[in-house]
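A.B. asks: For reference, the chains in residue letters:
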Amino acid sequence: MSHAAGQAGQEAVHHQAPTGFIRKYIFSMDHKVIGIQYWFLALVAVFVGMALSLYMRLRLAWPNAHFPLMAGEGPMTPETYLSLLTMHGTIMVFFVLTTAPQGGFGNSFLPIQIGAADMAFPFLNMMSFWVTLVAFAVMIAAFFVTGGAPLGGWTAYPPLSALGEIGGPGQGMGMNLWITSIAIFCIGALLGALNFIATTIDLRTKGMTFMRMPLTCWTWFITAILGLLAFGVLLAGGVLLLMDRVAGTSFFIPGGLVVSEQLISHKGGSPLLWQHLFWFFGHPEVYIAILPGMGVTSQILSTFARKPIFGYKAMVYAISGIGVLGFLVWGHHMFISGMSPYSAIAFSVLTLSIGVPSAIKTFNWIGTMWKGNIRFDSPMLYAIGFVSLFVSGGLSGIFLGQPALDLYLHDTYFVVAHFHLVMGVAAIFGMFAGTVYWFPKMFGRMMSEGWSKLHFWITFLGVYAIFMPMHYIGIAGHPRRYADTTGVDFLQAMQPVHVFMSIAAMIVIGAQIIFVLNVFWCMFRGKKASVNPWECTTLEWTVPSPPPHDNFGGKFPVVYHGPYEYSVPGAAKDYIMQDSTEKGAHA
Amino acid sequence: MALLLALAITGITLVSTYFFAAKTWWLPPYISEYGDAYDKQFMLTLTICGVIFVAAQLALAYTVFRYRRHSGQSEYSHGNNKLEALWTSAAAVLFLGIVIAGTHIWTQAHLEAAPVGALQIEMWGQQFTWYVRYPGADRQFGRTKPELMKESTGQPLGIDPDDPSGKDDLVMPIMAIPVNRPVEVILRSKDVIHNFYVRELRLKQDAVPGLENRLHFTASQIGRYEIPCAELCGLGHYQMRTFLQVMSEPDYEKWLVDSAVQ
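Just so you know, the protein sequences line up as chains U and S, in that order. According to our numbering, the first sequence holds residues 1 to 587 in order. According to our numbering, the second sequence holds residues 588 to 849 in order.
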C-alpha cells in the first residue's frame, strides 16, 4: 500500500530546486527551511517569554524594587505584573511549545524520516509558517497599544476578558489584539495539522509501514490529529469572545453585572461556556506540547543506549492512548468552577487513567537503557533529564486530578509547579535534546559538546531549584497569579522561598545565553558534521548534512527494518540502518 | 559523567523528598468536618506518589550509572510483554484506586445538601473586596437589583428597599460564624469570577456572576482565618482578602446585634 501511494505522492510534489535568496530562505516551500524558520521563531519567542518571567520573578522576590527597562518611576504595578504573566503564558504555550517541537522539528524531519521528498502540501506549509509569524507580530503588538497587554492570564476567563477596558488596564485594545493573534495562530496550526496528517498517511516510502516509523513520526502524527480537532474549538471560542467584546453579543456574559459601579447591558451568557470551549482545546494542547518531546526522547534514548526501544508497540499504543484520553479530561480544569459535581467524578476517573500510558512510557524509557551501553553525549543528557523531569511533573497531576484534593490545591502554586515541570521544563528539554541531536543534519555542523554539557548541568539543577519549591508553597495554600505576598498574612512566611526561586531563575535564565551562543557560533564555525555522527538508524542519517533540496536526490529509500535496530547479534556494526539490506534479527 | 548524573538525580530526589517529609511548608490544621478525610487522602496520595517518585528517579539514576559505556554489547531486546502487562495493570489499579478512595470527600462536599437548618450566608465578590450578607431574623435574603448597587452610598449589594425581607439583611466586610454550627455559603459575584478559599476548611469554590455556587461546612475551632481570593479577577486580585471569624455562639449573637446597630 505504501509503495504505490508513496511513489505517486513523490511525483505530485516534485518541483525544481528554488534559486535566489528570497525563494531559498525567505518564502521557501522546502520543509527543511520552514522547519528552521519555525525553530527560529520559537527561539525568539522563548527569549521574550523568559524575559517576561524574569521580571515576574524579580517582582515577586522584591516587590518594592524598581528594575531597569521597566516603564514608570516606581516599583512594578500589579497590573504590569499580570500583563507579564498573561503574555508569558500565552507566548510560551503557543509560540514555543506548539511551534518548535511540531512546526520546527516535525517539519524538518517528518518527511525525511518516512522517506519522502517534502511534505504533502509545500505551499500550505509555507503559509502555515507565515500565518504563525503574523500571529506572533500581532501578539507582540499588544504590548505597545494604549493600555498595554491584557491581564486575564493565558486562560482569559470571561467576564474579565469580555468586558473591555472597564475590567482593567490592557483589557481594551490589548485584549482585542490578543484574541486576534490567537485566532490567526489557530489557522496556521490547522493548516499545519492537515499537512502532517496527509504526509504521514500518504508519503511513506516503500517498506516504511506505520509500525516501522520512528516514534518521533508517531508523536508528530498523533499531535497533528489532536491539533486538527482542538484548534478549531479555540478559534470558535475566540471569535465568540471577540464578538462579546465588539459586537454586543453575550455568549459569555451573564445579565446584571456591575463593574466599578457601572451597569453592564449584556445578558444571557455563561462564563462557564468559555471554560468548556477553552479547556476542550486547552487540554489536548498540553499533550500537543509534550508528545513530540516524548518522541525525541525515545529516539535519543534508544540511539545513545545502543538498544532498541523497549516495547515499541506499547509506546505506539501509549501515544495513541494519551491522544484519545487527552480529549476526555478537560473538566479537570473546572472542578471548582460550579460545573456539575457528577461530571467532576467522570472527569477525574478519566484523568487518572491518563497516568497509565504515561507510566508505560516512563517504564519503557528506563527499560530501553537497561542493559544498554550508554554514551553520554549531550543529546542523551537532555533526554535523560526529560525522563526525570517528566516523572516529577507528572506525579503532581495525580493530586490535581482528584476533585477532592483539588478543593484545596486548585489555583495554588501546586498547579504552577505541575505544569511548569511538564511543559516549562520537560518539553523544553525535549527541544534542547532535539536541537543538539539534529543540529548536524540541519546546519551541517556540530554544536560544541562542552558548552552543551555546561548548559545542561546549570539548567537541569536550576529548574529543579525553581520549580520544586512551588509544590511546597502550594501545599501551604499560596494562591497563584498574585503580584506579591503583601496582601495575605499567611503568605509572609513564604517570602524567603520566593527569593530563593527568583535567584535560581536568574541563574537559569542567564545560562540560556550559553545555549544561544552555542547555536549561533556553531552554525557558522562548528566542526563540520559527517552524514551520521551519532550512528543512528533512521533515514535522515542516510542523507548529507544538510540534505539536498529533495532530500534523497531522486532515489527514494526502501525500508527493510524497524527504526531502532541497535546491537543486533551478528550484525557488522552495532546498528543497522532502516534502509540497509543487511539481514537483521527483526525485519 | 554517568556517576555525576546518577548522583545529581539522587541528590535532587533526596532533597525534594526531605521537604515534603519534613512538612516545612504545610497545610494548616483543619477546622472542618472535611479535614480528617482530606488530610488522610492527601497523605495517601503523597505517600504513593512519593514512593513512585523515589523509585522511578533512583531506578533512572541506577540504570544510567550501571549501564554506562562498557566494552561489551547491549542486550538486543525489543521489550518484555509480561513486564509491560504487569506494570500497566499495577499503575491502572493504583491510580484508579486512589481516585475512587477519595471520591467520598467530593460527594460529601458537593453531592450532599447542606444540613437542614444550616445558617445561610451570602458571600459576594467584586473587584476587589468581599461583601458578606446575613439574611437576618426572617432567614430570607432580600431581592437585589444591579441598578441599585452603589458602594459610594453604602449599598454595595443593591438591596431593594421595596422588598420587606431585605430590611433586616446585614452586609459586612468579614464573615463571622458560630462555632460548631452548620453553615451554607452561597457564592455570588457582581462582576467577574472570584474564588472563596479557606485553607483551614479545606474548601475552595469559584464565585461566578450569574451562578449561585454553594459550599457547606461546620467550623470546629474558634479563631480568625484568612479568605484570600483564589481566581484571577484583575489588578487587585492579590489584595482581595477578608477573614472568616469563628466565634462562640454568644459572641456571634452579640456581633450580629452590634453590627446591625452600626
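Think of the hints as simulated: they come from the structure by calculation, not from any bench. Using N, Cα and C, we set each Cβ at its ideal position, and we do this for glycine too. Hints are supplied without guarantee of correctness; some may be wrong.
Here's a subset of chain U near chain S, in silico, CB distances under 8 Å, partners left out [what the hints assert, rightly or not]:
(1) L272
(2) L273
(3) H276
(4) F280
(5) G372
(6) I384
(7) D574
Calculated pairs, EDC-like style, for lysine to aspartate or glutamate (alpha carbon to alpha carbon, straight line, at most 16 Å) [as the list claims (entries may be wrong)]:
(8) U:K313 <-> S:E671
(9) U:K573 <-> S:E662
(10) S:K737 <-> U:D489
(11) U:K267 <-> S:E662
(12) U:K371 <-> S:E734
(13) S:K732 <-> U:E261
A.B. asks: Among all the numbered hints in the text so far, which are the ones the structure does not match?
C.D. replies: When the structure is compared with the hints, numbers 2, 3, 4, 10, 11, 12 turn out to be violated.
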